[in-house]
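So the protein lines, in turn, are chains A and B.
Counting in my numbering, the first sequence runs from 26 upward without gaps.
Counting in my numbering, the second sequence runs from 2 upward without gaps.
Calculated from the structure, these hints are not laboratory results.
Please note that a few of the clues may not be correct.
So the derived label-pair ranges between C-beta atoms look like this [said to hold, decoys possible]:
#	chain 1	residue 1	chain 2	residue 2	range
1	B	Leu109	A	Val71	24 to 30 Å
2	B	Leu42	A	Val100	42 to 48 Å
3	B	Thr104	A	Ile33	33 to 39 Å
4	A	Gly40	B	Met171	43 to 49 Å
5	A	Ala44	B	Glu48	44 to 50 Å
6	B	Leu42	A	Leu52	40 to 46 Å
7	B	Val11	A	Phe28	41 to 47 Å
8	B	Leu175	A	Phe43	49 to 55 Å
Non-contacting residues of chain A with respect to chain B, defined by C-beta distances greater than 12 Å in every case (computed) [stated by the list, open to error]:
#	residue
9	Val45
10	Asn50
11	Val67
12	Ala78
13	Ala82
Predicted, not measured: the structure shown is a model, and the values here were computed from it.
Beta carbons: idealized from backbone N, C-alpha and C, even for Gly.
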Amino acid sequence: MLFWVALISVVVMLGAAFAVLFLENYLAATAAISVVSLALSVLFFVLQAPDVALTEAAVGAGISSVILALTLRRVGLWRIETHKDKQ
Amino acid sequence: MNLREISSLVFIVWLGLLLGAVLKIVAYDNILTGGVGTYILTHAAPELGAENIVTSVLLAYRGLDTLGELTVLFVAITAAGLVLGQRRTDAPSDSDAGFILRTAANLLFPFLIILGTYILLQGHFSPGGVFQGGAILAAAFFVPILASPASPLHHRVSRLVEGLVVATFMIICLLALFSDDAFLALLLGKGSVSQLFSAYSLPLLHIVIGFQIGTAFAGILARLQETEASD
Numbered sequence: 026m027l028f029w030v031a032l033i034s035v036v037v038m039l040g041a042a043f044a045v046l047f048l049e050n051y052l053a054a055t056a057a058i059s060v061v062s063l064a065l066s067v068l069f070f071v072l073q074a075p076d077v078a079l080t081e082a083a084v085g086a087g088i089s090s091v092i093l094a095l096t097l098r099r100v101g102l103w104r105i106e107t108h109k110d111k112q
Numbered sequence: 002m003n004l005r006e007i008s009s010l011v012f013i014v015w016l017g018l019l020l021g022a023v024l025k026i027v028a029y030d031n032i033l034t035g036g037v038g039t040y041i042l043t044h045a046a047p048e049l050g051a052e053n054i055v056t057s058v059l060l061a062y063r064g065l066d067t068l069g070e071l072t073v074l075f076v077a078i079t080a081a082g083l084v085l086g087q088r089r090t091d092a093p094s095d096s097d098a099g100f101i102l103r104t105a106a107n108l109l110f111p112f113l114i115i116l117g118t119y120i121l122l123q124g125h126f127s128p129g130g131v132f133q134g135g136a137i138l139a140a141a142f143f144v145p146i147l148a149s150p151a152s153p154l155h156h157r158v159s160r161l162v163e164g165l166v167v168a169t170f171m172i173i174c175l176l177a178l179f180s181d182d183a184f185l186a187l188l189l190g191k192g193s194v195s196q197l198f199s200a201y202s203l204p205l206l207h208i209v210i211g212f213q214i215g216t217a218f219a220g221i222l223a224r225l226q227e228t229e230a231s232d
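So here's chain A without its partners, still in its complex pose (with noise of 0.2 Å):
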């Protein structure tokens, strides 16, 4: 059981690693780093290490990608589409 989840969650992260150097969206691709944060804090997980599991899962999956979106828009790579800009 331990061995399918470890399995399953490592072959997840190499999937979403390389959309990450496949994919032209800019969001996509930082929605897919945060999986392979997600991936990885499972496998921590399984690996008795719920510390780190947490950490990885708080940090990794979540501020750290929100930091990297805030700043593909600071620099104008990626802007949030309001309303206006549709009209």
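Fit chain B to the given chain A structure using the hints.
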């Protein structure tokens, strides 16, 4: 080859030399069988009354390193604030997010505060830690900003909290210095394992550092969010 390629080549060579030196010098055979790790694993809980070994290493055995880490974080946040700069007063702010995000943000706020405080309060006897609690507290204050960007975070308040928190940390350290002749020595009683009031002054330090990390993250996120994009 331009300068950037040369410098990255030099960096790679340097990194390889560093890794090689580490592999050659550090005796990995001894780490599993003896050394500090085994000592801490067997002695941390009876010595400190803290069940969470990560916390006891972070705040007691290597407390001075944590103080240095806090200083680095403080300086990094200050530098980032300096680079990002102040917001122009006449800059147009983004319109509010949709109904779903605004309602969810209002609903989530108290629960995130409770979760973050819980993780900070019980970090010395169950899984949790300063970074996790701080990140969750920061998220609690950042989600409302994301929902309605027109009402920004009060930077003066957050900076005040950050300064107070660092001052409290230093006061705890100095109290230990004067009462026990050692910087960052353990204050208060040991208590029994798995109680809220136990493990000397570790819970106090835990809460203080968690708040510092939380305000630092919230401040940097809010600053990144509110500075206008260069179109």
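Verification of the supplied hints:
1. B:Leu109 x A:Val71: 24 to 30 Å: holds, 28 Å
2. B:Leu42 x A:Val100: 42 to 48 Å: Given range 42 to 48 Å: holds, Cβ gap about 46 Å.
3. B:Thr104 x A:Ile33: 33 to 39 Å: holds, 34 Å
4. A:Gly40 x B:Met171: 43 to 49 Å: holds, 47 Å
5. A:Ala44 x B:Glu48: 44 to 50 Å: holds, 47 Å
6. B:Leu42 x A:Leu52: 40 to 46 Å: With Cβ atoms ~44 Å apart, the hint holds.
7. B:Val11 x A:Phe28: 41 to 47 Å: holds, 43 Å
8. B:Leu175 x A:Phe43: 49 to 55 Å: holds, 52 Å
9. Val45: The claim stands: Val45 (chain A) keeps its Cβ more than 12 Å from every Cβ of chain B (closest is about 21 Å).
10. Asn50: The claim stands: Asn50 (chain A) keeps its Cβ more than 12 Å from every Cβ of chain B (closest is about 17 Å).
11. Val67: holds, 15 Å
12. Ala78: violated, 8 Å
13. Ala82: violated, 8 Å
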